[in-house]
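Colleague: Chains as they are written, first to last, in the UniProt record's numbering: chain R, 1 to 249; chain G, 1 to 249.
Errors might be hidden in some of the hints.
The list treats identical chains as one, so a pair stands whether inside a single copy or across any two.
[Claimed, not checked] Under the rule of at most 25 Å between Cα atoms (straight-line distance), these lysine-lysine pairs were calculated in the DSS-like manner: (1) K99 / K215; (2) K224 / K99; (3) K224 / K117.
Read the hints as simulated data drawn from the structure, not as lab findings.
Given next are the chains, with one letter for each unit.
2 protein chains.
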Amino acid sequence: MTSNSGSSPLPAPKPAIILVRPQLGENIGKAARAMLNFGLTEMRLVSPRDGWPNPNAGPAASGADQVLEQAKLFDSVAEATADCAHVFATTVRKRGVTKPVLTPDAAANAIRAEPGKSAILFGPERSGLETDDVALARSIITVPINPEFGSLNLAQAVILVAYEWSKAEGLASPPATDLDPPAPQSELEGMIGQLDTMLDAAGYFFPPDRTPATKRTLRTLLTKPGWTAQEVRTLRGVLSALAGKKPRN
Amino acid sequence: MTSNSGSSPLPAPKPAIILVRPQLGENIGKAARAMLNFGLTEMRLVSPRDGWPNPNAGPAASGADQVLEQAKLFDSVAEATADCAHVFATTVRKRGVTKPVLTPDAAANAIRAEPGKSAILFGPERSGLETDDVALARSIITVPINPEFGSLNLAQAVILVAYEWSKAEGLASPPATDLDPPAPQSELEGMIGQLDTMLDAAGYFFPPDRTPATKRTLRTLLTKPGWTAQEVRTLRGVLSALAGKKPRN
Chain R
1 MTSNSGSSPL PAPKPAIILV RPQLGENIGK AARAMLNFGL TEMRLVSPRD
51 GWPNPNAGPA ASGADQVLEQ AKLFDSVAEA TADCAHVFAT TVRKRGVTKP
101 VLTPDAAANA IRAEPGKSAI LFGPERSGLE TDDVALARSI ITVPINPEFG
151 SLNLAQAVIL VAYEWSKAEG LASPPATDLD PPAPQSELEG MIGQLDTMLD
201 AAGYFFPPDR TPATKRTLRT LLTKPGWTAQ EVRTLRGVLS ALAGKKPRN
Chain G
1 MTSNSGSSPL PAPKPAIILV RPQLGENIGK AARAMLNFGL TEMRLVSPRD
51 GWPNPNAGPA ASGADQVLEQ AKLFDSVAEA TADCAHVFAT TVRKRGVTKP
101 VLTPDAAANA IRAEPGKSAI LFGPERSGLE TDDVALARSI ITVPINPEFG
151 SLNLAQAVIL VAYEWSKAEG LASPPATDLD PPAPQSELEG MIGQLDTMLD
201 AAGYFFPPDR TPATKRTLRT LLTKPGWTAQ EVRTLRGVLS ALAGKKPRN
């Protein structure tokens with residue numbers, strides 16, 4: 001982060017919109033249109049079902065071609081969020097995951113209030129995000145909706161989140177904060193990977209059929225703090241020490 | 001959510017959504033879906049281009065059939081708004097008409113604050129409301145939008161207005177969260193003590209004169225998450241596994 005010569009701190013960067021395994025090119029185009037209406041331009045695609053580029057996306061974008069042209073393609077949610085300090089998962093269903101649940105406006109405030117890049121995950125049209133996708137996120141965004149008729153499509157979910165985010169554009173500068181941002185997701189993943197390896201060697205994952213759930217539990221609690229890059233480095237030093245490597249001196 | 005036992009006045013009735021000369025049945029269906037997602041059920045149609053009912057509306061409504069079935073048909077905006085105390089016209093363009101211009105959230109507040117039925121007018125897909133339609137309204141609703149890319153379609157305009165209106169409804173209250181509270185400090189201390197002992201044995205604390213600062217750093221980052229009692233127990237299991245104790249089974 002570069003220092004700011006004036007009085008107010010730099011605003012948080014615009015969030016990236018990440019479409020996870022989207023099915024229809026048309027919906028990718030509609031999401032791009034929804035984003036650009038409210039000033040969001042950074043789209044990331046994780047394993048779109050029909051590949052990328054998709055000829056059906058452009059016509060549905062109604063002129064938001066720049067968003068599609070700049071869209072980046074990834075193989076996994078972990079890679080798509082590697083540079084992000086805050087990951088939000090949009091979901092309408094209750095999950096077994098215990099994370100804070102935010103409305104779109106609360107999420108927009110959170111994105112602006114804290115330093116570091118944010119990513120917002122949107123799941124496939126039919127099924128929404130998988131539990132493992134949600135496990136990567138620090139918070140959940142849920143649009144409060146008619147309990148008797150909840151039928152938001154992908155582009156509608158995107159537009160509501162983008163709209164809320166856009167509300168504070170051009171308004172007073174965000175509150176000053178000199179907190180360091182959370183470490184990029186890739187650094188957190190590195191630490192989780194190191195711990196997994198150590199625990200595997202220690203016979204911690206038993207019985208085998210419960211291992212995925214156990215790993216999700218660990219991931220959830222390690223994602224919760226929002227540790228800074230320095231804190232993650234410290235913890236990796238702790239793990240290395242516990243693994244019997246020589247302490248630094 | 002408990003109901004409010006009496007003291008507050010009756011809420012203003014739900015606003016009617018009036019589609020003025022809509023062109024495509026598909027868009028009427030999408031608007032119905034957008035409305036019902038946020039609890040609005042009263043649609044009025046003024047001179048739809050292709051007549052009414054329209055066989056393309058139902059499939060696009062994705063289950064919001066009740067809105068379409070109850071939709072009322074009118075020949076003019078004046079007739080469609082005859083029973084309404086407040087008429088709002090949605091438009092993105094500057095008009096020669098001097099009326100208050102509200103954002104969707106300000107309009108939602110106005111609809112709730114004043115007694116009497118409100119109507120919200122939405123124009124045809126391609127051209128929007130005519131000057132004569134806007135002239136019937138008391139206020140204008142404009143969605144603040146990217147000045148370099150304003151491309152909201154009819155259903156998107158409807159959903160943003162409906163969403164804002166719904167925020168003060170019961171469904172829009174912040175989602176319930178059943179997050180557990182952080183563990184008592186004593187349990188956290190127990191975990192930190194366990195880790196300290198292990199790190200001491202691993203030779204982590206070196207050089208000795210920096211040990212107090214290192215311990216403070218660790219304490220700070222372990223205090224940051226606000227882990228629950230269950231999470232602290234999980235972490236103590238992790239530590240025990242790393243210390244070579246037998247895994248639980």
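Colleague: Using 25 Å as the alpha-carbon threshold, which applies to K224 and K117: within, between, both, or neither?
Modeller: Result: close both inside a copy and across copies, 17 Å intra and 20 Å inter.
Colleague: At most 25 Å between alpha carbons: which applies to K99 and K215, within, between, both or neither?
Modeller: Cα proximity of K99 and K215: one copy only (16 Å, versus 29 Å across).
Colleague: With 25 Å as the alpha-carbon cut-off, assign the pair K224 and K99 to within, between, both or neither.
Modeller: both (8 Å within a copy, 16 Å between copies)
Checked against the numbered hints above, the structure breaks none of them.
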